[in-house]
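The sequence shown runs 7 to 222 under the numbering used here.
Calculated from the structure, these hints are not laboratory results.
Just to be clear, a hint being listed does not mean it is correct.
Straight-line C-alpha distance at most 30 Å; calculated DSS-like pairs for lysine-lysine [what the hints assert, rightly or not]: (1) Lys168 / Lys113; (2) Lys113 / Lys102; (3) Lys44 / Lys113; (4) Lys44 / Lys102; (5) Lys134 / Lys102; (6) Lys134 / Lys168.
Estimated spans, in silico, between C-beta atoms of each pair [stated by the list, open to error]: (7) Gln195 / Pro105: 42 to 52 Å; (8) Leu155 / Arg75: 20 to 30 Å; (9) Glu187 / Asn13: 17 to 27 Å; (10) Arg39 / Tyr76: 18 to 28 Å; (11) Gln146 / Cys221: 22 to 32 Å; (12) Pro105 / Asn219: 46 to 56 Å; (13) His132 / Gln195: 28 to 38 Å; (14) Gln195 / Tyr23: 47 to 57 Å; (15) Glu196 / Pro105: 46 to 56 Å; (16) Ile218 / Phe184: 17 to 27 Å; (17) Arg75 / Pro191: 45 to 55 Å; (18) Gln78 / Pro191: 50 to 60 Å; (19) Tyr23 / Arg64: 41 to 51 Å.
Just so it is clear, CB atoms sit at the ideal spot from N, CA and C, and this is done for glycine as well.
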Amino acid sequence: MHRLHRNVQAPASLQRYHHGRDNWDTLTWEVRREIRAKLCDMQGGRCAYCEAEISIDRSHIEHFRQRGRYPQGTFDWENFFGSCNRSDTCGDHKDKCGPYNPSDLIKPDIDDPDEFLMFDPQGGIHPKAGLTAGNQHRAQETIRILNLLGGGLPYMRHAAAKGYMQNLEIWAEYAANFLEEEWRPIVEQELAQELAFTADLPFATVIRHTLINGCP
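Use the sequences and the hints to build the structure in full.
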């Protein structure tokens, strides 16, 4: 999960639908596809929750606040994200996990998940150290409600991070064999290059956390 910016305008066709008059089932296939396209664009082709790769045809329109409990958000663009179609995590799991307080869930276009969550190179995810009790609760609830430790996600995150562990080994060798004023600028430059290169990849957050937290 990473910070998203809702800098993509809602499809004009969505304005034809209004809560209280229309229901979700009346949306045409073309309108749904247009919404999914806009969401994929906004999210860089990644699930808003787990960061797995999604596409227009391999995703679904996720209502952050569920239609059944918040019907006034049925056609609200600010309530939409694109979610993967995995049946036991993310949007699907959220809608099956039972009642919860929606204000406990991290909303990535408003909240910065980096302020709540920490990923490790083994594929784990846990609340960031030093959180207030309230923010720790929100981090734990987000992990639980979206089942971010289930559905094979730890394995996929580990696989994404594994290829960058060699960078850490090389940087550790630099630190062990050269003066800091010699190796530090090189490592910082290489780190910046790797972060820029991987920023738009699936599971980019675990890669970023692995590189930054493992850097000497």
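The hints, checked one at a time:
no.	hint	result
1	Lys168 / Lys113	holds (28 Å)
2	Lys113 / Lys102	holds (18 Å)
3	Lys44 / Lys113	holds (18 Å)
4	Lys44 / Lys102	holds (26 Å)
5	Lys134 / Lys102	holds (26 Å)
6	Lys134 / Lys168	holds (21 Å)
7	Gln195 / Pro105: 42 to 52 Å	holds (50 Å)
8	Leu155 / Arg75: 20 to 30 Å	holds (24 Å)
9	Glu187 / Asn13: 17 to 27 Å	violated (41 Å)
10	Arg39 / Tyr76: 18 to 28 Å	holds (24 Å)
11	Gln146 / Cys221: 22 to 32 Å	holds (27 Å)
12	Pro105 / Asn219: 46 to 56 Å	violated (35 Å)
13	His132 / Gln195: 28 to 38 Å	holds (30 Å)
14	Gln195 / Tyr23: 47 to 57 Å	holds (50 Å)
15	Glu196 / Pro105: 46 to 56 Å	holds (48 Å)
16	Ile218 / Phe184: 17 to 27 Å	holds (21 Å)
17	Arg75 / Pro191: 45 to 55 Å	holds (53 Å)
18	Gln78 / Pro191: 50 to 60 Å	holds (54 Å)
19	Tyr23 / Arg64: 41 to 51 Å	violated (24 Å)
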